[in-house]
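Visitor: Given next are the chains, with one letter for each unit.
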Amino acid sequence: MSSDMSSSGHKPDGSAKEKAPPVSQPKFWNDPKKRSLLFQVLLLSVLGFVFYTIIDNTLTNLEQRGITTGFDFLTREAGFGIAMSLIDYTEASSYGMTFIVGLLNTILIAVMGIIAATILGFILGVARLSDNWLVAKFSALYIEIFRNIPLLLQIFFWYYAVLRTLPQPRQSIEFLGSFINNRGFIFPAPVPEEGFGLVTVGFFAAIAASWLIARWAKKRQELTGQQFPVALTTIGLVIGVPLVLFLFSGMPLGLDHPELKGFNFKGGITVIPELIALWLALSIYTAAFIAETVRAGILAVSHGQTEAATALGMSKAKTLRLIVIPQALRVVIPPLTSQYLNLTKNSSLATAIGYPDLVNVFAGTTLNQTGQAIEVISMTMAVYLALSLMTSFFMNWYNARIQLSER
Amino acid sequence: MKYELQPTLPPPANMIGVIGWLRKNLFNGPVNSIATIVVGYFLISFLVPTIQWIFIDADWVGDSRDACTSGGACWVFIANRLDQFLYGFYPEAEHWRVQIAFIILIGSIIWLVLPKTPKKGIVAALLLVAYPVVAFILLYGNSFGLPQVETHLWGGLTLTLVLAVVGIVASLPLGIVLALGRQSEMPIVRSVCVTFIEIWRGVPLITVLFMASVMLPLFFPEGMSFDKLLRALIGITLFQSAYMAEVIRGGLQAIPKGQYEAADALGLGYWQKMILIIMPQALKLMIPGIVNTFIALFKDTSLVLIIGLFDVLAIGQAANQDPKWIGYSTESYLFVALLFWVFCFSMSRYSQHLEKALNTGHGNRA
Amino acid sequence: MSHSQATDKMMVELRNLNKWYGEFHVLKNINLEVKQGEKIVICGPSGSGKSTMIRCINHLEEHQKGDIIVNDIPLNEDIKNIEAIRKEVGMVFQHFNLFPHLTVLENCVLAPIWVKKMPRKEAEAQAMELLERVKIPDQALKYPGQLSGGQQQRVAIARSLCMNPDVMLFDEPTSALDPEMIKEVLDVMIELATEGMTMLCVTHEMGFAKTVADRVIFMDGGQIVEENEPHEFFNNPQHERTQLFLSQILQH
Ligand SMILES: Nc1ncnc2c1ncn2[C@@H]1O[C@H](COP(=O)(O)OP(=O)(O)OP(=O)(O)O)[C@@H](O)[C@H]1O
Ligand SMILES: [Mg+2]
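Residue numbers (the numbering used here), protein chains in the order written: chain E, 509 to 915; chain V, 50 to 415; chain G, 572 to 823.
Source of the hints: derived by calculation from the structure; they are not laboratory data. Be aware that a few hints might be false.
As the list claims (entries may be wrong) - Derived DSS-like pairs: lysine-lysine, alpha-carbon spacing no greater than 27 Å straight-line:
#, chain 1, residue 1, chain 2, residue 2
1, E, Lys645, V, Lys322
2, G, Lys713, E, Lys541
3, G, Lys651, E, Lys542
4, E, Lys542, V, Lys405
5, V, Lys322, G, Lys599
6, G, Lys599, V, Lys306
7, V, Lys73, E, Lys826
8, G, Lys713, V, Lys306
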């Protein structure tokens with residue numbers, strides 16, 4: 509029958525055509541609703557079976573090894589020391605405390621890394637687009653070198669090839685009362701004395717005043733059109749007021765100077781080399797990615813926008829501040845957030861050089877000592893997962909807000 | 050009015066030639082001039098001694114550290130351990146097997162990358178399906194008269210490539226299934242896929258590797274033991290498939306709705322529609338994304354040293370501990386960095402080139 | 572005017588068709604009967620539900636209430652029936668929707684080969700014949716991106732005809748085209764009509780409606796407001812809404 513198809517392409521009567529007989533009740537497997545229901549039930553049962561087997565096997569295995577499941581171990585005494593802690597921690601603290609200490613150390617390195625990577629990344633991203641050939645090429649060179657080398661290797665390099673080869677404490681490099689050696693970076697600790705509270709109060713008062721001034725300036729601009737240098741005033745107030753108060757109240761800030769006692773330093777604040785190496789590597793590596801993000805954001809603002817602003821008589825700086833940056837930021841913020849998330853997740857490489865972050869302390873030492881693999885790894889993963897979910901909620905909220913204001 | 054024909058004049062001398070170039074690109078305005086001088090000074094004061102150290106003052110030949118006397122880089126160290134960097138502890142008599150596997154891989158990749166070679170589809174399919182089997186037989190042996198080489202002997206660049214290639218090849222089908230599942234209209238299928246993807250994307254690879262190495266053995270009945278390499282590969286594949294799924298989803302979403310509708314209207318079934326119409330178009334859009342995730346995976350393979358596998362970075366780490374060669378860690382880091390850099394940089398260039406081709410071409414040509 | 576080629580056989584039947592997008596009632600109680608060989612032109616303001624209605628016929632959109640019967644096959648939740656109907660109903664889209672990764676010829680033979688299991692040789696012979704009828708046999712080995720809009724739309728028509736359909740649906744086939752290309756597409760459609768194809772066309776080409784249509788249907792707000800043979804429809808519109816629409820559209 510198909511031979512006549514080619515003869516005319518179509519035929520008016522269509523009688524020679526085979527026809528599905530009219531069916532009133534479809535066969536079970538031909539009804540898409542029932543079909544998909546069946547499929548989903550099947551999927552669920554397979555998943556259920558897999559999970560059941562896994563849990564069953566795990567329980568049997570744990571029993572044979574004499575490990576009791578549950579989170580009771582969190583209250584037991586940990587009995588090991590941690591090289592760096594932001595809160596009070598001793599060997600007598602509980603395993604639960606090791607989780608907190610590790611988490612805080614993770615947050616510390618993440619925040620430090622995010623700040624440094626952002627500054628460096630923005631500078632490099634703008635430099636990449638500079639019309640100065642040398643600056644642009646230098647930035648491109650930086651980006652291409654650092655983002656194509658594994659982060660772990662960079663961490664090792666800073667830690668083993670640079671920081672660990674620094675001199676012993678006795679031969680420390682000294683400057684401005686601070687010391688650098690293979691035990692880290694040691695600098696004087698500021699100790700607030702009486703009257704320092706006033707400086708703090710002044711600082712917050714200056715912030716409040718700046719806010720009020722900004723509001724007043726905006727109102728005045730709306731009414732009279734006069735501009736007021738808000739940014740400069742704010743900087744002046746926030747730095748100036750505390751500084752003046754500090755000087756007038758007789759500089760109520762002492763310094764606790766580090767001193768060499770025996771083989772090591774006492775006093776001051778010590779930044780351990782693991783933290784420095786991790787911080788350097790994370791910032792340098794992530795900055796290369798942020799620079800690319802920033803560059804893409806600036807490029808996304810069309811040339812027409814700049815020309816329109818110039819045609820309206822705006823200066824180059826005003827164009828950048830009022831036209832380019834606000835539009836670029838919209839493009840940059842989502843990928844920037846995911847770079848921050850990457851940096852935080854990458855900070856778990858700390859464990860390779862022994863910086864006591866969550867993975868090193870908790871999923872490392874605590875896991876080894878207790879053998880509670882399931883609980884420890886689930887808790888660790890849950891922390892990172894919660895961070896990711898929070899980030900993606902923020903991003904959805906942000907994108908929704910942007911879309912709203914673009915309508 | 051009469052007018053005279055004006056001659057075409059060359060531009061003023063300060064716009065052309067070396068001076069013009071310098072003026073335009075390096076010294077237009079005081080700020081730029083200062084930037085040029087600062088960056089230039091920094092580059093010279095950093096690059097000159099570095100190049101001196103790496104090339105001019107370096108020692109290249111010898112067989113112990115005694116050969117390193119000139120104060121520059123001691124490449125003798127690397128040269129002496131080159132075999133380990135490339136093959137790990139793979140028996141020397143069997144190195145040819147690794148070399149053949151590597152040559153086949155490079156050969157087919159070059160075939161795929163070159164613009165005018167025929168039968169790309171078949172080569173790609175062979176690379177994805179047949180090559181892993183062939184490579185496994187070659188590397189592991191124990192058949193076809195090849196002596197067995199246990200996986201704990203695999204190491205160096207060989208292991209790095211094994212991890213990356215297996216990770217990408219195995220995660221591709223899994224990623225496709227997850228991406229299709231995420232777009233499914235069946236709520237349970239969709240939520241299972243979303244959960245799976247978001248969990249793996251939310252956690253660092255290192256926790257996945259920890260999980261694969263300490264939790265995985267607990268999941269299976271007693272006596273069933275896994276090779277350490279296999280455990281790492283399972284972890285990497287699960288992790289990678291989540292990222293792959295997102296790349297694939299992006300490609301699928303870029304296909305206009307009209308394509309789905311036209312396929313439906315012609316009476317094509319779901320799988321026919323996906324395989325004949327959607328995937329061939331989407332795959333082309335996905336390649337840059339896939340290459341980018343591959344670069345990320347390639348760098349991430351170095352993490353396996355934390356669970357005790359000897360990838361190329363771990364070999365370098367171990368070499369640095371060798372008391373006979375203490376003090377040359379910079380050389381080994383630089384060498385390993387160079388290896389990674391060459392791979393990653395060329396791949397990222399290729400992916401950029403593809404992206405550009407996709408954007409400038411009218412997108413309609415096959 | 573047009574001499575009807577309609578037979579008594581019912582080809583497409585919509586009975587009390589209702590459709591909602593969420594809360595939005597797009598199609599309200601549509602009743603329409605199309606006999607074999609009949610040509611229907613559907614017009615109406617934007618958003619009146621014309622596309623939605625004809626897309627329901629081959630189940631690109633799902634309806635919630637009422638019956639659709641195509642060539643005696645009821646459109647229900649049975650996948651087999653949906654497949655059968657799609658084999659018999661061809662559709663031409665506003666934006667052509669050709670497959671950009673396949674050549675013109677491959678576009679045409681794809682469905683015959685995979686859906687109808689036709690041998691490739693035969694499918695190609697048939698496709699070449701149809702491409703000749705739409706007057707572009709020489710473009711067979713090009714890719715869609717290398718053709719003009721009018722050529723692409725003619726390929727799309729040929730592609731649908733390759734499935735040897737009993738009914739053809741057209742959703743504004745010329746509205747994405749430049750004026751000089753509209754004619755070449757309309758010529759193909761007119762030729763198709765004279766050969767006796769059953770056609771449902773959403774279009775605002777009133778000249779086409781006058782020469783070809785057996786009936787013109789005017790839709791507004793998801794309803795069929797007026798339905799008449801073309802001469803009456805254009806010269807003596809009954810409904811106020813129709814008069815307004817026609818006066819606006821004929822001004823140009
Ligand atoms: N997927 C959808 N979801 C929600 N509403 C829809 C959807 N598709 C169409 N609509 C709405 O249904 C109504 C009818 O749409 P339809 O496309 O059928 O109109 P039309 O008559 O073809 O108009 P046009 O001449 O502009 O093509 C419109 O109001 C439209 O906004
Ligand atoms: Mg429409």
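Visitor: Could you tell me which of the numbered hints above are not met by this structure, giving the numbers in increasing order?
Guide: 1, 2, 4 and 5
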